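Novice: Based on the sequences and whatever the hints tell you, model everything.
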Amino acid sequence: MQSQLPLYPEQASNFAPQVDSLMLFIITVCLFFAVGVTIAIVWFFFRYHRRGKNEVGIPLHGDSRLETLWIVVPLMLAMAMFSWGAVIYVDYRHMPKDTLDIYMIGKQWMWKAQQPNGIREINELHVPVGRNVRMILASEDVIHDFYVPAFRVKMDVVPGHYNTMWFRPTKPGRYHFFCSQYCGTNHAIMGGWVIVMEPSDYASWLAGASLGEANPLGSGEKLFTEKACATCHVANGTGRAPSLNGVYGAQVLLADGSTAVADDAYIRESILQPAAKIVAGYQPLMPTFQGQLTEEQVIALTAYIKSLQSQPVPTKGSGVAPAKGKK
Amino acid sequence: MSETFALPNHKTPHEDYLNATYGIRSWLLTTDHKRIALLYLASVTFFFFVGGIFATMIRIHLLTPSGALVTPETYNKLFTMHGVAMIFFFLIPSIPAVLGNFLIPLMIGAKDLAFPKINLLSWYIYLIGGCFVLYSFGTGGLDTGWTFYTPLSSIYSNSAVTPAVIGIFINGFSSILTGLNFIVTIHTMRAPGMTWFRLPLFVWAHYATSLVMILGTPVVAITLLLAGLERMFHLGFFNPALGGDPILFQHLFWFYSHPAVYIMVLPSMGVVSEIIPTLARKPIFGYSFIAGSSIAIAVIGFLVWAHHMFVTGESTYAALTFSFLSYLVAIPSAVKVFNWTATLYKGSISWDTPMIYALGFIGLFLIGGLTGLFLACLGLDIHIHDTYFVVAHFHYIMVGGAVMGYLGGLHFWWPKITGKLYPESLSRLAAVILFIGFNLTFFPQFILGYLGMPRRYHSYPPEFQVLNVMSTAGASILALGYLLPMVYFVWSMRYGPAAGANPWPATGLEWKTPSPPPTENFEVTPEVTWEPYDYSKRPDLGLVAGAPLAPAHGDD
Amino acid sequence: MHRTGELYGHFETLEQQKDSATLGMWIFLVTEVLFFGGLFLTYSINRHLYFTAFGVGGNMLDLRLGATNTVVLIASSFTMAMSVWSAQTSRKKLLPIFLILTLVLGFVFLGIKYVEYKQKFDHHLVPGRSFDLTYRINHAGPGDDPKELAAERAEIADALRTEAPGNPHEALVALNAHAQLYFSLYFGMTGLHALHMIVGAGLLVWVIRESFKGRFSASYNTPIEIVGLYWHFVDIVWIYLFALLYLINRHAV
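Chains as they are written, first to last, in our numbering: chain H, 1 to 327; chain V, 328 to 883; chain U, 884 to 1136.
Treat the hints as calculated values from the structure; they're not laboratory data. Just so you know, these numbers come straight off a predicted model, no measurement behind them. There are no misleading hints in this set.
Covered stretches of chain V, going by a simulated chain H footprint (3 or more residues, C-beta under 8 Å):
#1 393-403
#2 614-620
#3 639-652
#4 704-718
#5 773-787
#6 856-868
Beyond 10 Å from chain U on every Cβ pair, some chain H residues (computed):
#7 Cys30
#8 Trp43
#9 His161
Every residue gets a Cβ at the ideal spot worked out from N, C-alpha and C, and that includes glycine.
Specialist: Set out below in structure tokens:
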């Protein structure tokens, strides 16, 4: 728990010590200037207090060297602050390769998380310590924000967009998370707990927690059949649409010659706005499923397609771009 | 001749702009910039009260973690209406429409602004906008946050959004017309000899402010119009279900609302730039740097808006650019602080109330401005964005900065505006109470923010209570600091001793006319041959031994 | 109203008065650029995102009427410039004639705009509950040109295939939503412009009245000049609107 008069939250993620050090640096620099200026002002205030009714001050119009000094020095310090912060931010916005992916949906006024194996949580998030965790954030209504003070991370959850964030928990425990973008009446109570567990505990929790009615891997596979995706996306590449074996995370060659990475956003776009990117060698035949699938179903389908990563990729009839650009 | 009355310790008043004509029509249909300034004074003070009442309720409600005073819906309306009232109807007009209107013609040696009737129109437009907003407050209130983020404001909110948006839209034109008036006036109506680099820094500050007003306000006007139309007619500009984008709203909104904060702070920096050289009786250190930094702040201020959007998922490149530029915009402000401090060196510093306010401004603006560096820092902003850290930061600048500057300006020019002096010891005490109360209210909020308490929360986890209680306790002291001037200013209008033309004395043109000034400001158009804040070549100021001065002020 | 031509009390010289008025109008026009600018930005972004639907919407605008309006406004700018010239050369009889011509052309513009708006209303292209892009082709009336209708039908079919191939129902929903965005911006931008035209007409009525009293001459013609500035600005905005709304992605018919 925290000390009697805490000035900062617990440090429970890889980012926390970095952010706190940066904070300390900026505080030090700012304190130096604040104290310096304050001392100067207080000193002058007393030292040069008016003594006679008609006393005037001694005119000093300016000094270009002084001006240059107090432009350049603050500028350099500002650049130091900028650079340090930029480094952390770029790291934060750049998802690492091997992540545990968790989907988080925000809606007025609750959070729904989906673990990789399909376990659903409401207002709670179990994660293993020491693993890179990537959160994929979606909103069902207004803008929300997922914020874990102990991890020093947050990201807005915007309707119509997918946002991603990542962190690596470093200390088991229970940490508050909050909604931190005003979203209406119960914005203040739209929070919950992140529970960081040892990897073995996390594994047992995953296995032991009831799957409920929806295992997104399983339900994704069901949907794939129900919605007739399999009719065109034949696994061996002989269908009207490219096989989806191995496509997740791969480079896809598009009809206009460009390539795209088949990440979550690409999969989602392909389902909801299929005309946006057509795979090379295929016709724009796919209907859109906008309005026919809930967010959960899109996520389930994505999970299923992701599970096809390990399936054998047919030599003909796949969207995966050939290596080294050879046709 | 109008009837006059002789008071025991007053000279018989001459004819001035206050008593030249009588009757409510002569005030409501005036085109005299000085009277219009007072009309604005009354209306911005009214909205300050409105916003202040909401603030009081907010702080009382936050004494307990579960929030016992009001329901969540009501709390959300309180902070929204507090923001809307304070920002659009108090802070943005305050110094420009009250002090700017009153002083700019006097400071440049003109008889009035370039467009006096448009000046009056500005005030009426402000009132009409205010009426719409008050109507919104009274018929269900507003609960979207003053930032009106979509789709919450355009689709999901059930509060009186449309009239509020209309009111702010209309009020924007008041701002635009005022800025237009100031720019034209400063360009075309300066007295002979009043060159650009002889202008008082207060005028430079308002010129820069006016640039921001005329360029930024139209954008928020059209943005709010689009959001209002979306709400009324179910259009889809910002609604993802209809092909729109909520982030577009944020870009358009912040394109104005960031420069808007410079509208709020630049004028008060101008006030400080007048008070310090005057009450230290020496020229300001680095005049051209202070003038130039006002323009720099106005220009760079237009380039930083998306630092409010670092965690919206905007591109990393955008975030890097806006963070970098946000650091740049801090530099001109730092330049001002250093120059003001250097001005005090080897000055003859009076401890009069305006000086207390000016120094208080510097102290509080220092903290507010420096904490901006924390927020501009990308890595740090991920943690402190949308927490109480931000709330503390902008209150330090808006309240600790802009309002202190506004009050300091009122105290500095009160003798000129009313011809009366206010009680010196009481006013100094009020300034100190304000400074202390302010720090007690808002400093704990920095800590709250870093600890992770998000803003706009009607209830909070119990571990945040101690700091919240400290903040509310400070607020009660702050309130006292605001009430005292209202009391003694009113008192001074009836019982204060006569001020005379130039009690400080100050070197500006506005002090060369009687207090209060006659309607046409100057009997004869002045001709300027001296540099600003030049005490060495101004024997007319009475600082030569034996020369008569206006009635003494305080301890001088 | 103050008597025009006299020195207002707060100015020192007539020159200062004129400089102020002109600078004031220029600055006002700058604010108008920023005002329309927000709309233009929104339009540009959305056109980029939904170029198919915007293309369909744009082709539903009547190019002949739009082009006519453009010619009308350019002509009115010419007559306005002639008014300013008349005033500057003290041609007191000619001045009201050119001003009235400008006003008449302005009314012609507004009249044609009204016809266009009415067309959109009849074709259910006004954003709102009854918006339906396909209304016209499904409810062809005797006044409709069959070739036009056929072209529109083909264009909409094309667009539906692009929006959501193989799923006509969803495609229609998407196309309607995006086209509604187009028409919201169309009405927003042209409506705001028309509002400015009406204000301009009011200003013209004012200076026409004053010009009949012989108030303007080479020594004093500031109101004509600043009304001229305003009028030219409104004209320029229309030229941009015409290009952006009517001409981009225009199909030959």
